[in-house]
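**Student:** The lines below spell out each chain.
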Amino acid sequence: MFDGQIQYLQILDENGNVDSSLLPPSVTDEFAVSMYKYMNFARALDAKTLSLQRQGRAVTYAPLIGEEATQIGSALAMRKDDIFVPNFRQHGVYLVRGLPLELYFIYWRGFEEGGAIPANVNGLPVIVPVASQMPHAVGIAFAQKYKGTGNAVITYVGDGGTSEGDFYESINFAGVFKVPLVAIIEDNQWAISVPRKKQSAAETLAQKAFAAGIKGVQVDGNDVFAVYKAVGDAIASSAEGPTLIECVTYRMSMHTTADDPTKYRSDSELDAWRKKDPIDRLRKYLVSKGIWDDSKEKAMSDEQASAINDAVKKAEEFKGDPKSMFQHVYSFVPEVLDEELQDSLANNFWQGTGTGNESP
Amino acid sequence: MVSAINNALELLMKENNDIVLLGEDIGVDGGVFRVTDGLLAKFGENRVIDTPLAESAIIGTSIGMALAGMHPIPEIQFAGFMYEGFAQLINHAARYRSRSRSRFTVPMVVRVPVSGGVRTLEHHSESPEAFYSHVGGLIVVEPSGPYDAKGLLIKAAHMQDPVLFLEPTKLYRLFKQEVPEDMYEIEIGKANVVSEGDDLTIITYGTMLPLVKSVVEKKGVSAQVIDLRTINPLDESTIIEGVKKTGKAMIVHEAPLSFGVGAEIAARIAEKAIYDLDAPVMRVASDSFPYPFPGYEQYYIPNEAKISKAIDKMLSS
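For the record, the sequence lines run as chains A and B.
Each residue of the first sequence is one higher than the one before, starting from 161 at the first, in our numbering.
Each residue of the second sequence is one higher than the one before, starting from 865 at the first, in our numbering.
A portion of the hints provided could be inaccurate.
As the list claims (entries may be wrong) - Below, a sample of chain B positions facing chain A; criterion: calculated Cβ distance under 8 Å: (1) Ala905; (2) Gly908; (3) Asn910; (4) Ile927; (5) Gly928; (6) Gln952; (7) Ser962; (8) Arg963; (9) Ser964; (10) Arg967; (11) His998; (12) Ile1003; (13) Gly1053.
As the list claims (entries may be wrong) - Okay, the calculated bits of chain B under chain A, using three or more residues with CB under 8 Å as the criterion: (14) 893-903; (15) 932-938; (16) 1096-1106.
Calculated directly from the structure, the hints in this document are not laboratory data.
Backbone N, C-alpha and C fix where the C-beta goes; we use that ideal spot for every residue, glycine too.
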């Protein structure tokens, strides 16, 4: 008889209190500080990109604010050679995994060159259609098992994405093939304007794991320690099969820069979640332990702002080459495509049509 | 053609350990058309993988395998079921190379039985090549016989691109052909001039090639017959060169007439060879509605009479 139950994990509560019996030993004071720095870095990066978008210097952008614990906790739990397969909001994961910020900003300026993720990052480019990257994660995980690398694959999906066919098909495949996959539901309560309760009648999203015969766990997604532990445990057991982890968090800003959340949700809801802010609670913890203070905060912010500004500057120097559009469709340039390219070149169709950042 | 494809798969799997087959009923059952028959016994269930029934995940998982350095050859059971995986092909297989500026590529061959005439149920007889050719980024190949099937499949699996390999079910067992035992490649992106002739140029592929050849032979017309072999990218120069020589162009395909491959070819002929033509371009194709039930399919697919009549009309103009 099936009698599955979903466990809920919280280690760091919203007042900064820690259940030390659950805290992994690898979370030293020093490590907790680095978590905090990454979470702030992610929020600063997010604010900068949003501001660039508002100035017309970045394309439509999906902010991460509020979801730092889920992203940073999970990314820090990955081992060096584990591979992550994001959707479109996991900027904090790229940050932790060492994506050069210049490439990040080139992507958000609207150039595919930003999708050429360097090998050492061990991650895939941004994928826009929700959950559609999950089967890729299953295939990459299959390849790890097939080649015996021992690496795990970590993928991300939102609460809305769990309604997609690709979500169900992927966890089902992962279960049948017993591949080393960790699927993280970044349950931020909103799929653009549709609230979590209208997305699924299931009490938890983690319980969808039962249907696929894989492990499922729900964690406080604003608790970086809990996310770190749950993802770390899932990675450690990935050789035995996949895990689905629901991180319950909150999207504190808009879905993307193209919508206005005041149209569909209340200030009181937002205020309630502000009290659960993932960064505030970690700061309370660090301050209470005497390992963080205002001067450290200031030094950190200055350092991060300067790194971000340097990257923006470099990214804005990048000039796209429209020819590259033709050169990366196939492994070769077919005659019919080359003819279209030559037509544009010979007739100077590209001259004066760009944003000033292309170099035909 | 079934054994030629089976043989190609076996040679490819022996050559490259990163090649795996996955799909519905391809293992023990050897596929519903028995194309993968015997391969499970030869290569084991790690390489010949029966999957759950989910076309999007079959293609999506294959994309992931390819991104991670493997070279999967998924099979979709029928063309009409392929639409479940359409988004994966269009949104990801076709775009991964460009979205990462070739940092990530999707080397894979998606095999799928296509076209009708085999008296089967709804959704088992579609000719969907135009959809997949329209998007760009996907190579679309359709063999017209055993020899071509083997050489094209081997070439497809040696490329670093996503290739859609359309296998006309009607041709699986229609006729035998001498096929070399060893590996050989047939160029992709290059059409095959099947026969030379002076009266007209007939451009065709897949199920229609045997039909066209038979009509041409029976009528004793001097026709240049071009078998596309690759739908996308289109071998435009072979077509234009041929049409310029004969001055008459006819396109014959099983897919519906409207917005199809024939329209694309006709447009290119109009752009590049219209002053060399001495008759309007003609298209012979199935009618412009979804594939009918098998009771009506013989009225739908172009037959010899339809092709023959078109040739008469073209030569009398």
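**Student:** Run every hint past the structure and note whether it holds.
**Tutor:** Consistency of the hints with the structure:
Because the smallest distance between the Cβ of B/Ala905 and any Cβ of chain A comes to about 19 Å, over 8 Å, the interface hint for this residue is violated. At about 12 Å, the closest approach between the beta carbon of B/Gly908 and any beta carbon in chain A exceeds 8 Å, and the interface hint on this residue is violated. Taken as an interface hint, B/Asn910 checks out: its beta carbon lies about 7 Å from the nearest beta carbon of chain A, inside 8 Å. Given hint, B/Ile927 at the interface with chain A, holds; its Cβ is 5 Å from that chain's nearest Cβ, closer than 8 Å.
With a least beta-carbon distance of about 2 Å to chain A, the hint placing B/Gly928 at the interface is held under the 8 Å criterion. Using the Cβ-Cβ criterion of 8 Å, the hint placing B/Gln952 at the interface with chain A is satisfied: the shortest such distance is roughly 7 Å. Interface hint status for B/Ser962: upheld, as the beta-carbon distance to the closest one in chain A is roughly 5 Å, under 8 Å. Annotation: interface hint on B/Arg963 holds; nearest CB of chain A at approximately 5 Å, less than 8 Å.
With its C-beta approaching chain A no nearer than about 4 Å, B/Ser964 sits inside the 8 Å limit, and its interface hint holds. The beta carbon of B/Arg967 comes within 4 Å of a beta carbon in chain A, closer than 8 Å, and the hint placing it at the interface holds. Hint on B/His998 is violated. Least Cβ distance to chain A is approximately 13 Å, over the 8 Å limit. Evaluation of the B/Ile1003 hint against chain A yields a held restraint, the C-beta minimum of about 7 Å falling below 8 Å.
A hinted interface residue such as B/Gly1053 counts as satisfied when its beta carbon comes closer than 8 Å to some beta carbon of chain A; here the least separation is about 6 Å, so the hint holds. Coverage of the stretch 893-903 of chain B by chain A is violated in this model, with 0 residues showing a Cβ closer than 8 Å to a Cβ of that chain against a need of three. Counting residues of the stretch 932-938 of chain B whose beta carbon lies closer than 8 Å to any beta carbon of chain A gives 4, which reaches the threshold of three, so the coverage claim holds. Using a Cβ-Cβ cut-off of 8 Å, 5 residues of the stretch 1096-1106 of chain B lie near chain A, which meets the minimum of three, so the contact claim holds.
Hint compliance for this structure: hints 1, 2, 11, 14 are not met, and every other hint is.
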